[in-house]
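Engineer: This is what each chain is made of:
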Amino acid sequence: MIPESFNGARSLAFPPESWSTQWYENFFNDPAWNDALLTTLQVAGIVTILATAIGTAAAFGLVRGRFPGKAVVNALTIAPIVVPFVIFGIGVYGVFLAWHLVGTVEGFVFAHTALALPFVVVPVVAGVQGLDQRLEDAAASLGANRVRAFRLVTLRLLLPSILTGAVFAFLTSVDEIVISLFISSSTRRTLPVEMYNSITREIDPTIAAASTILLFTTMLLLAFAALMRRRRRYA
Amino acid sequence: MREPTESGMALHLRGVSKRLGNDVAVADVSLDVKAGEFLTLLGPSGSGKTTSLNLIAGFLRPDAGEIVLDGRDITSLPPHKRNIGMVFQHYVLFPHLSAFDNVAFPLRERKVARREIRERVERVLELVRLSGFAGRFPAQLSGGQQQRVALARAMVFNPGLLLMDEPLGALDRKLREWLQFEIKRIHREVGITFVYVTHDQEEALVLSDRIAIFNEGRIEQIGSPDELYERPRTIFVAEFVGESNLFIGPVVVDKHGDRWIACGEDRIPMPQGAAADIAVEQAIMIRPERLTVQLSGHRDPRTATVGGRIRQIVYLGPTRRIEVEMTNGRTLIAREVAAQRCRLSEGDDVCVTWDAQESVVLGDHRTAEPLAEGA
Numbered sequence: 021m022i023p024e025s026f027n028g029a030r031s032l033a034f035p036p037e038s039w040s041t042q043w044y045e046n047f048f049n050d051p052a053w054n055d056a057l058l059t060t061l062q063v064a065g066i067v068t069i070l071a072t073a074i075g076t077a078a079a080f081g082l083v084r085g086r087f088p089g090k091a092v093v094n095a096l097t098i099a100p101i102v103v104p105f106v107i108f109g110i111g112v113y114g115v116f117l118a119w120h121l122v123g124t125v126e127g128f129v130f131a132h133t134a135l136a137l138p139f140v141v142v143p144v145v146a147g148v149q150g151l152d153q154r155l156e157d158a159a160a161s162l163g164a165n166r167v168r169a170f171r172l173v174t175l176r177l178l179l180p181s182i183l184t185g186a187v188f189a190f191l192t193s194v195d196e197i198v199i200s201l202f203i204s205s206s207t208r209r210t211l212p213v214e215m216y217n218s219i220t221r222e223i224d225p226t227i228a229a230a231s232t233i234l235l236f237t238t239m240l241l242l243a244f245a246a247l248m249r250r251r252r253r254y255a
Numbered sequence: 012m013r014e015p016t017e018s019g020m021a022l023h024l025r026g027v028s029k030r031l032g033n034d035v036a037v038a039d040v041s042l043d044v045k046a047g048e049f050l051t052l053l054g055p056s057g058s059g060k061t062t063s064l065n066l067i068a069g070f071l072r073p074d075a076g077e078i079v080l081d082g083r084d085i086t087s088l089p090p091h092k093r094n095i096g097m098v099f100q101h102y103v104l105f106p107h108l109s110a111f112d113n114v115a116f117p118l119r120e121r122k123v124a125r126r127e128i129r130e131r132v133e134r135v136l137e138l139v140r141l142s143g144f145a146g147r148f149p150a151q152l153s154g155g156q157q158q159r160v161a162l163a164r165a166m167v168f169n170p171g172l173l174l175m176d177e178p179l180g181a182l183d184r185k186l187r188e189w190l191q192f193e194i195k196r197i198h199r200e201v202g203i204t205f206v207y208v209t210h211d212q213e214e215a216l217v218l219s220d221r222i223a224i225f226n227e228g229r230i231e232q233i234g235s236p237d238e239l240y241e242r243p244r245t246i247f248v249a250e251f252v253g254e255s256n257l258f259i260g261p262v263v264v265d266k267h268g269d270r271w272i273a274c275g276e277d278r279i280p281m282p283q284g285a286a287a288d289i290a291v292e293q294a295i296m297i298r299p300e301r302l303t304v305q306l307s308g309h310r311d312p313r314t315a316t317v318g319g320r321i322r323q324i325v326y327l328g329p330t331r332r333i334e335v336e337m338t339n340g341r342t343l344i345a346r347e348v349a350a351q352r353c354r355l356s357e358g359d360d361v362c363v364t365w366d367a368q369e370s371v372v373l374g375d376h377r378t379a380e381p382l383a384e385g386a
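Chains A and B supply the protein sequences, listed in that same order. Residues 21 to 255 in my numbering are what the first sequence lists, from first letter to last. Residues 12 to 386 in my numbering are what the second sequence lists, from first letter to last.
In short, the hints are calculated from the structure, not lab data. For every residue, glycine included, the Cβ atom is placed at its ideal position computed from N, Cα and C. Hints may be right or wrong, so weigh each one.
Sample of chain B residues at the chain A side, in silico, Cβ under 10 angstroms [stated by the list, open to error]:
no. : residue
1   : 87
2   : 89
3   : 94
4   : 105
5   : 108
6   : 121
7   : 165
Okay, chain B solo, but in the shape it has when bound:
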């Protein structure tokens, strides 16, 4: 078996599809992962992210499409010849082998000399900070320790690509946060390409260079964490990554030529320059921290203004989360820095405003049916 390079490898998926039973698990997915990149596949359960990972690892064969690793077509290569490291959700350590022997397993399969095995296993155990635990069996290790042994085992043979399937899913919150930073540190130190699967959007934001959002077997959007947060392209992405306030309604034009979205009784100004057909139902989104909640407000075409009543104020430490019930009955979420003194209380009639330029026009609409609305 050929010994891989020290650096990460580029991975390409082209039109990959996979049917599992009667369901289309992955539908025509194309994906380019740069060498050394940390890419996360994020989506709800059943969205095709784990199936995609199993296709890359070779545990499943795609029905269509091809998978190219480091310029080599690996679509029909069996998993043991792919040289891809994999960390499983429930660790899947060999229970009959010590931590040392678990990590040595891939090196022994590659007929590495005994002394080199010892050196490399010790080095990688040091990297995951488990130097003193080489002799322990999996049953004698905590969940976090087991997961770090699994990580060491998946890295010790210098794969060009490391796959991780919800590796922190079974751990408690504190440990998870600490391991997230450990994984990020290790990624920086070893330079391997990481493809990481999770359904936890916070985890994805912390870890990733880029995130691919999966929905119903397809990639909805792929981009850096701030791109996905600041410029989501679809309602699904806007709602899945962070909290969002959505306004959906037909586009109307006033006598000055400004475009608005008619959302019940409210008129929400669209950002200038946004391309939107009149009378077509359109969705725009504003993040909670962009909102200002005031006791009184004034109307201005460049400022979006919505009236409502405060239903609840929740103190979250650094921020306050304010739920405002709009006159149409829907809820608006605002977030403000908690260091400011709170002038508001539950039950207050308020005016919620934001800079219209900060609204994001989403590319899809829930219904394609155009609504006739007086312009």
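The shape of chain A in the complex, shown without the other chains:
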């Protein structure tokens, strides 16, 4: 796919006979690709922030909270991964039609946040469970109030788990296609949806360029997540 994206000819012949960056130019100049890319980045950005914030709070509640039905809430949190995407997509489509959210940034954000939440909750739950609760007592005995103890110690120590969750939330949103297909409109769609549409319409090496960009974004972020996890060991 990567050599194809630098193909000089207007076909997906392999190996390419000449080289060019014209498909990258095309990708960034064609408004259909461009809008899809911008929508994807915008949605993924908001989803990352929302899912990370809600997921982290939920993880604390699930580990430290004591409330009836904790097991049920725990199960519900990971439900979006378990339910088949097609079923989830059909359900979301029905609701979003009624709420006029099909083909809107808000629509993608809501659907993707629900999908991304477990990817934040799972690592952060593990992080909170591995945290010595007496660390906050120690900080308090040394003169830090609750907010400062939480910020300087608890949150700081959970940062690798939270960032791992954030990376996976971002990737979930960027890669998601099944549900996005249902809730896309002709004017607003995400990059994977546009790629799918493009391949069903025509054979155009622009899709190779789009794939390469998506591939490198994903790999870069996964490398970052791996780096964060290694730093957790503290020397």
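Following the hints, complete the assembly by docking chain B onto the known chain A.
Structural biologist: Okay, now just chain B, sitting in the frame of chain A:
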């Protein structure tokens, strides 16, 4: 936040109680700790000593009673405003901070100037003999080193009171002994009031000015190590601090007016002047090193004499521990200086004697039921 004085602060607990779940963890505990004193809370696990420490630190609120530090009621003050240093059992260092930054943490929270922080951290690391380790992270330090960083961190902001919760519990014996003397040296040098929790009675004897013995959420007895050892007031204290030989039985009086405890077939003379009601079940205690084990003996009202057979002799270096099985089947422990040549061997029929005045009459009895015994 106010900067505390260099010297230790007096601490008072008045009628402090705390329930944890359905259990009464601390029941009506009153305690006065003098400024600069080293006080140890000693007791078996679940006796309320750690809960008491958490109440003093402010991690728990008492259900009743008050806690006064340096004349100020701190009962409802949150922990971060108490200015009390705390060393935890498992160190609880911040793993993401170097030794230096761990120790600097309380100073940064108090907005101390950067240069002063550097000076004070270096000084306290020197005090705990870790000057070269400032840049290391907790994971790069041994258990003993981590505990000394924790100690430095708890002292660097000059608290008037330092709490320690079984700080040596996780360390091996040699290191523990060395750190005990280090802690004692530091206590002498800084003059802070120390309240120390342990279940290890030897550690308590080595370190403390005074020891409070905890049992089932209450303080059983409080006193200096030698008071607790020489004059325990209850069976619990006698058995918890050091080894002891107990005799429990009804008090009888002979024709000369001397009081004895009838313990099976044996008659154990009570020390003169001991107040004891006749026919009431009473306990007396004698420490193993007060006993003399001989092959033959004679009866004398001022000498307690018990017959038995040697079950075992254990050589312990400076002393020998001799287990004597009495005729009633119970075991008596004697200790003698091992430098003396041992004339005894296992299986010998012996006479165990001691000066009756050295017996300690304990204030409680296992049963309040008076036994009718011919006097």
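Engineer: Output the numbers, in ascending order, of every earlier hint that fails for this structure.
Structural biologist: 1
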